[in-house]
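**Q** Could you put the whole structure together from the sequences, leaning on the hints where they help?
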Amino acid sequence: MITIEKVCKKFGKSEVLKDLSCQIESHSIYGLVGANGAGKSTLLRLINGVYEMDRGSIKIDGVEISDREELKQKLVFVPDDLFFYSTYTLLDSAKFYEAMYKKFDMEACKEMASLLKLDLHKKIATFSKGMKRQCALILALSTNAEYMFFDETFDGVDPVVRNVLKKLLAKQTLEKNATIIMTSHNLRELEDICDNLGLLYQGGILFQSDIDTLKTNMCKVQISLKGEFNEENFKDFSLLNYKKCGSVATLILRGTKEETEKEFKKMKPIILDYIPITLEELFIYEMESVGYVFSEIV
Amino acid sequence: MSLVKLFNRNYFYQNIKKSAPTLALFLGIFPLLNVVVFLLLANANANGIVATLDNLSILLLVGMYIIPVVLATVLYSFMFKRKSIDFIGSMPISKRSIYITNTIGGSFLLFCVLFITIALTGIVSLFLNNVYLAFPLLIDLFFIFFVAYLFVYASVTLAFSLTGNMITGLVVTLLFLFFVPYVRYYKDSLVQYTGSLSYIQCTSESCKPVVYACEEYSSTCLDHKKSEEYQFHLYPNYGTKQNLLPVFAIFGIFGMQQIEQFVTFHFVQLGRTLAIALLYFFIGYFIYKRRKLEVCETSFSNFYVHLFVKALTMLPIFTVLYEINNNESIYVSVFLGILLFIYYFVYDLITRRHIEQIKKSIVSFFVTSVLLFGFCSFIHHLPKEDALVFKNEEITQMEVQIYNEQKGQMESYSLKDRKAIDTLLKYMVSDKEEHDYSIEIAFSVGKGEYKTNILLDEEEYGEVLGILPTKKTIEEKTIDKAFALSVYGDFISDFSWYKKKISALLKEKKEISTTCSTDAVLVFYQYKNHQIEKIEIPACIHEEIEKKLMEDSNNYATKYLKYNTYFPFFELISNIEEIEYEEMLFFRDYFYEDITDFIRKHLKKEVTLDDDLICFHFGNYNGHDLRVYLNAKEEFLDLIHTLRNRAQDMEEYQEYNKNIRGEVIE
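Chains A and B, in that order, are what the protein sequence lines are. Here the first sequence is numbered in our numbering, starting from 1 and rising by one per residue. Here the second sequence is numbered in our numbering, starting from 299 and rising by one per residue.
Do not take every clue at face value.
Derived Cβ-Cβ restraints for the label pairs, each shown as a range [to be verified]:
#1 Tyr602/B <-> Lys171/A: 48 to 56 Å
#2 Asp19/A <-> Glu595/B: 25 to 33 Å
#3 Ala125/A <-> Phe676/B: 52 to 60 Å
Over 10 Å on every C-beta distance to chain A, these chain B residues come out as not near it, computed from the model [unchecked claim]:
#4 Tyr309
#5 Ala318
#6 Phe385
#7 Met389
#8 Tyr725
#9 Ile790
#10 Phe889
#11 Leu907
Calculated from the structure, these hints are not laboratory results. In this text, a Cβ means the ideal position worked out from N, Cα and C, and glycines have one as well.
**A** Have a look at this one:
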């Protein structure tokens with residue numbers, strides 16, 4: 001588990017992280033969402049010991065982070081702006097990682113490279129942006145580190161490969177009990193892979209939750225009642241959003257399907273449909289419920 | 299935690315592997331290049347060379363400022379780019395480990411570079427028959443430069459630990475290396491120096507002031523001379539053994555001092571250089587450990603430190619500006635002032651990529667200028683060091699190095715005779731614009747040891763030769779370590795016979811008189827007390843030696859004369875009353891073949907010292923010398939008689955007789 005408490009980080013006069021606190025459960029995939037400049041990359045660099053915080057505490061498995069090798073063996077970080085030695089091939093880079101990480105699995109690296117059709121003997125500098133990102137990801141996965149941090153994880157990767165990579169990430173968590181922390185400014189990228197999500201805004205975690213709870217605790221319903229009806233008819237529900245188009249209203253409300261369906265049926269609706277809710281919608285309405293305009297945050 | 303534990307071999311290997319071309323350059327090209335320079339040097343001297351610390355160190359000195367800097371740049375380059383900081387900073391290696399790995403690994407690489415370079419030079423010298431090299435010298439050379447390279451590497455490492463981008467790192471390195479000598483040079487240059495050769499140079503550790511030159515060109519010096527009281531003023535010398543080689547060698551590279559003054563094996567110098575290098579590494583370690591990797595792509599995190607370093611870089615320009623301003627060249631001063639103002643902002647653009655706080659910068663420019671002006675003014679008004687004043691009688695012993703034109707070689711004498719010392723001191727302060735000869739003297743005054751050159755005209759030179767002791771003795775000096783022997787500037791490859799013979803003589807007699815008159819001097823070279831020492835022994839100290847030398851010379855000449863027929867330089871060395879030097883020159887020019895035929899005919903392997911000998915000297919364009927010794931004086935006089943008869947009708951000979959002898963042949 002990663003425990004972050006009241007972390008502050010300033011660059012000159014600008015305070016990038018302000019009393020940031022959160023907890024990241026082990027063996028899960030944690031998505032960190034936020035607009036550009038929200039502090040996502042800085043937070044990852046602080047956890048990985050690249051930067052030093054001004055105040056606060058970050059603990060990994062109860063141990064305060066420090067510039068110690070033993071602790072860093074547990075972590076691997078793929079930044080948003082990738083770096084490879086200009087003369088190195090993928091194999092050379094793998095050897096570099098193998099030299100640095102005790103648990104590096106060269107065979108797994110070669111397998112993943114083969115799966116993604118990456119030439120091990122070609123200089124990485126000649127690869128496209130997306131291919132470089134794939135290289136960085138498979139190198140990081142091969143380290144078998146307990147905590148993996150991916151900044152702008154799928155930047156430049158095409159949708160097909162993105163799905164393959166997502167499977168590889170999920171496999172790493174399931175089979176090797178890895179904890180993956182990934183950031184994106186795009187919620188859609190994370191919704192089908194993350195177990196937990198945190199929303200970073202102006203240097204602090206604005207909101208965090210596990211996605212399953214979020215999804216089960218919020219419903220999107222299309223409903224039509226006999227005769228005229230309006231928002232007042234649903235005042236007994238914990239309504240987050242109400243829109244009516246013609247005789248059909250779309251409601252976003254708190255509560256599970258089982259709980260709300262009984263209540264709706266009592267109103268004898270002409271139409272009652274439960275529509276899958278997107279993660280983006282979940283966030284939009286959660287944010288709006290606490291007074292934020294989501295579009296201004298992400 | 300031990301250093302061994304902190305040294306991460308894998309990281310170092312990978313860090314170096316990524317820069318394989320640089321490594322190849324250091325470990326392959328550089329040693330080869332050094333060998334090429336050495337070969338060029340060896341080939342430039344047809345008579346052969348004795349390898350010395352300074353002639354082996356030409357490329358090593360240049361490399362001293364390049365190799366450690368490039369190496370540090372390769373090893374620490376990741377610190378100056380955000381991308382690479384993310385990459386290395388997140389790797390499972392601590393900052394302490396990175397620093398220790400780079401320090402130990404970098405030092406090891408420098409060790410390898412120097413070891414390969416110097417060993418290769420040594421190995422190549424074994425295959426060269428015109429190079430004489432003492433192997434202990436190579437070991438000294440290695441230590442001198444290993445310590446010097448470490449110092450430069452430590453300076454760059456410390457500079458990189460302090461700074462946030464490479465350019466600032468290199469600027470700070472330059473400041474570490476050259477700021478102190480520059481200030482010292484600036485301070486010293488304020489004392490007027492006439493440019494005359496009449497200066498005395500300190501050769502010991504304890505001189506204070508260090509070096510002196512006669513300040514006034516003529517009148518005062520002449521007064522000093524008359525009153526036998528010598529007063530000299532400071533002349534900067536950066537080559538004393540106390541100075542750090544990497545810091546002050548720049549004066550040698552720019553030709554302001556001789557390289558041999560810097561490249562010396564001196565324990566104080568080496569110890570001090572090593573101690574400072576270790577101190578730099580140590581300070582660098584603590585700074586690097588606490589370094590925030592996020593401070594990159596900018597000069598320093600602290601703006602005021604940036605301003606301070608920028609001010610230091612302005613000092614060289616400012617000193618020039620100050621001097622020009624003092625000389626009332628107002629337009630040049632204004633122009634330089636504008637340049638300085640532009641530089642002040644361009645520096646920001648280069649090191650911080652933007653001009654920070656323009657108003658603050660303008661204010662700081664003027665504050666900096668005032669401070670630098672104050673600094674220059676302070677240096678200007680520093681009290682001059684006291685002049686060295688001494689009287690003749692304070693000098694009781696003097697060492698003299700003089701070129702004996704008659705013998706064609708350098709000779710050294712130790713004088714204790716009051717009159718002789720006074721005569722030399724009389725000529726010490728020279729106001730000559732033209733001179734024919736220069737001799738070197740060395741003496742002690744108080745705790746200081748000094749040396750200087752004395753300029754002499756023809757007459758004075760004759761007088762000096764006259765006062766030098768005629769009897770020389772060689773006290774017990776073993777030549778066991780001798781590795782080379784030259785006679786007439788030619789090196790003798792098989793010198794063991796001579797070495798053995800003379801060594802036995804020295805051991806037996808303890809003191810050898812060298813009053814015998816001969817022109818053949820055996821010069822033994824040995825590497826003793828970390829320097830090349832020459833021991834000169836006249837061949838005539840022992841008949842057997844003299845005979846062997848002549849026979850060896852004849853043997854060599856016999857072989858050489860088989861393939862070579864013409865020698866542009868050719869002279870009769872022996873003094874023969876019956877023939878004058880100019881007449882011999884005439885015969886050489888007009889009866890070249892007769893004389894060379896005579897030489898070929900009488901040239902024998904064996905020589906008898908009991909009979910009269912005549913000696914000829916040949917030389918070719920490559921500076922190659924031959925000497926032949928013939929037991930044929932009577933035959934040669936017969937030849938001369940014959941040649942005179944044949945020449946009598948020649949207009950040129952008549953002209954010669956008229957001009958030289960004042961005779962008219964009827």
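**Q** State for each hint whether it applies.
**A** Now the hints, each set against the structure:
1. Distance hint check for Tyr602/B and Lys171/A: the Cβ-Cβ separation is about 53 Å, which falls inside the suggested range of 48 to 56 Å.
2. About 28 Å separates the C-beta atoms of Asp19/A and Glu595/B, a value consistent with the hinted range of 25 to 33 Å.
3. Judged by the Cβ atoms, the range 52 to 60 Å given for Ala125/A and Phe676/B holds: they are separated by roughly 54 Å.
4. With a minimum CB-CB distance of about 7 Å to chain A, Tyr309/B fails to clear the 10 Å threshold, and the non-interface call is violated.
5. A beta-carbon of chain A comes within 10 Å of the beta-carbon of Ala318/B; the shortest separation is about 7 Å.
6. Its beta-carbon lying about 4 Å from the closest one in chain A, Phe385/B breaks the requirement of being farther than 10 Å from that chain.
7. Listed as outside the interface, Met389/B is inconsistent with that label: its C-beta sits roughly 5 Å from the nearest C-beta of chain A, within the 10 Å cut-off.
8. Against the 10 Å criterion, Tyr725/B stays outside the reach of chain A, whose nearest CB is about 66 Å from its own CB.
9. At roughly 53 Å from the closest C-beta of chain A, the C-beta of Ile790/B stays outside 10 Å, upholding its exclusion from the interface.
10. Every CB of chain A lies more than 10 Å from the CB of Phe889/B, the least distance being 73 Å, so the non-interface label holds.
11. Non-interface status of Leu907/B relative to chain A is upheld: no Cβ of that chain comes within 10 Å, the nearest being about 73 Å off.
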